[in-house]
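Mind the numbering: the sequence shown is residues 31 to 409 in my numbering, read in order.
Among the hints, a few may not be true.
Claimed, not checked - Think about it this way: if two alpha-carbon atoms lie no more than 25 Å apart in a straight line, the pair counts; the simulated PhoX-like pairs of lysine-lysine are:
| no. | residue 1 | residue 2 |
| --- | --- | --- |
| 1 | K79 | K65 |
| 2 | K135 | K341 |
| 3 | K115 | K202 |
| 4 | K65 | K184 |
| 5 | K184 | K341 |
In short, the hints are calculated from the structure, not lab data.
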Amino acid sequence: GGGPGGGFSDEEPAFVPVTIAYDGLNWQYVGMRFKGNSTLISSWRAGGKKLPFRLDFDEFEETYEEIDDQRFYGFKKITFSSGAKDDSLVREKMGGELFRDAGVKVARSSFYRIYLDVGDGNGQVYAGLYTMVEDLSNKFLDSQFEDDSGNLYKPDGDGADWQAFNENGFVKKTNEDEGDWTDIQNAIDALHASRSDAEEWRTNLERHFNVSQYLKLLAVNQAIENWDTYGLMTHNYYLYADPSDGGRILWIPWDLNECLLPSRGGGMSVLLNEISDRWPVIRFLMDDPVYAAVYHQELATFLDGAFELEKVSNRLEMLHDLITPYVTGTDGEVWPYTNLSNDQAFTQALTQGNNALLPHIEGRHETVEDALSSLGFGE
Numbered sequence: 031g032g033g034p035g036g037g038f039s040d041e042e043p044a045f046v047p048v049t050i051a052y053d054g055l056n057w058q059y060v061g062m063r064f065k066g067n068s069t070l071i072s073s074w075r076a077g078g079k080k081l082p083f084r085l086d087f088d089e090f091e092e093t094y095e096e097i098d099d100q101r102f103y104g105f106k107k108i109t110f111s112s113g114a115k116d117d118s119l120v121r122e123k124m125g126g127e128l129f130r131d132a133g134v135k136v137a138r139s140s141f142y143r144i145y146l147d148v149g150d151g152n153g154q155v156y157a158g159l160y161t162m163v164e165d166l167s168n169k170f171l172d173s174q175f176e177d178d179s180g181n182l183y184k185p186d187g188d189g190a191d192w193q194a195f196n197e198n199g200f201v202k203k204t205n206e207d208e209g210d211w212t213d214i215q216n217a218i219d220a221l222h223a224s225r226s227d228a229e230e231w232r233t234n235l236e237r238h239f240n241v242s243q244y245l246k247l248l249a250v251n252q253a254i255e256n257w258d259t260y261g262l263m264t265h266n267y268y269l270y271a272d273p274s275d276g277g278r279i280l281w282i283p284w285d286l287n288e289c290l291l292p293s294r295g296g297g298m299s300v301l302l303n304e305i306s307d308r309w310p311v312i313r314f315l316m317d318d319p320v321y322a323a324v325y326h327q328e329l330a331t332f333l334d335g336a337f338e339l340e341k342v343s344n345r346l347e348m349l350h351d352l353i354t355p356y357v358t359g360t361d362g363e364v365w366p367y368t369n370l371s372n373d374q375a376f377t378q379a380l381t382q383g384n385n386a387l388l389p390h391i392e393g394r395h396e397t398v399e400d401a402l403s404s405l406g407f408g409e
């Protein structure tokens with residue numbers, strides 16, 4: 031949310047009906063609204079028009095019966111990330127690939143060129159290169175889980191830090207009409223139960239929360255450096271109570287446009303020693319020697335596997351080359367439909383500057399290796 035000149039808002043922007051054209055086909059009365067907080071506000075204040083947005087293909091089905099259950103190739107909802115705060119425009123896509131390659135369930139994404147016709151008589155204008163990210167509340171559940179009938183939560187604000195259960199912090203994205211939060215409530219209760227018998231605590235926690243998958247996710251998160259996330263922020267993740275896994279809570283990363291970036295104002299270290307009880311999921315797991323050992327092993331596995339240096343470097347260069355013609359040059363982005371200060375910001379995004387991606391992943395390898403060797407890991 032948030033409007034021009036304003037701060038963050040709890041209110042989501044309103045949907046408006048638009049027509050979507052793709053590959054010779056048209057979709058009528060599609061719901062479109064802007065999305066995001068700081069990303070949206072910073073672009074708006076700068077006078078930019080390349081804004082992140084969201085589409086819902088049957089948002090207006092009650093008004094227009096002919097679009098009942100309208101879908102875009104099976105998708106009901108899709109989000110479009112504008113690449114704000116990412117001069118490379120590949121972080122959202124690359125971050126998702128790294129999590130997925132490591133075995134973490136995450137939204138799929140792809141690049142799209144967006145054209146707008148705002149009805150002013152000037153026809154279509156190129157609105158820039160976006161990363162389309164699937165919405166987690168429909169096809170994602172259907173395609174990546176055996177059973178898509180569970181509760182999907184998008185945590186935010188009070189309660190989303192897991193210090194104590196707060197219904198308001200766990201916004202339902204499925205089963206919205208059912209007032210039942212027992213799955214997440216049980217997981218939080220189990221996390222905060224007495225740890226005097228560590229084995230009993232772990233057994234009970236794992237009954238309600240998929241801990242091993244969370245530790246894998248956390249290892250990826252800390253290795254690549256992703257600071258806009260739990261441990262510093264009470265948002266940017268989803269939870270799914272997976273019925274095919276006994277209703278256990280699975281943690282799902284979200285909004286990766288600021289991953290693979292040096293952290294602002296300290297961030298989080300690889301070994302997470304500085305994380306306080308303010309973030310009990312991380313602190314309590316890291317305080318348990320069994321879970322800490324699993325986390326350290328996941329770091330090592332990721333470094334040699336999904337995060338293998340040459341493989342990731344090649345993939346970054348491939349993605350950069352793929353999108354270059356649609357970002358710079360004659361068919362590239364033009365102000366106000368860009369978030370780039372100049373063409374060089376994009377062309378040098380992999381190799382030069384404080385946030386350059388290739389030196390970043392090399393540096394992260396060294397940082398993680400140093401952290402693991404400080405523990406005598408692998409000796």
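So, going through the hints one by one against the coordinates:
Proximity of K79 to K65 is assessed by CA-CA distance (about 13 Å); at most 25 Å being required, the pair is judged to hold. Among the hinted pairs, K135 with K341 is consistent with the structure: their alpha-carbon atoms are about 20 Å apart, no more than 25 Å. Distance hint between K115 and K202 is unfulfilled; the C-alpha atoms sit about 28 Å from each other, more than 25 Å. A distance of roughly 14 Å separates the Cα atoms of K65 and K184; the hinted pair therefore holds under the 25 Å criterion.
Note on K184 and K341: the hinted pairing is violated, with a Cα-Cα distance of about 32 Å set against a maximum of 25 Å.
Checked against the numbered hints given earlier, the structure breaks hints 3, 5 and satisfies all the rest.
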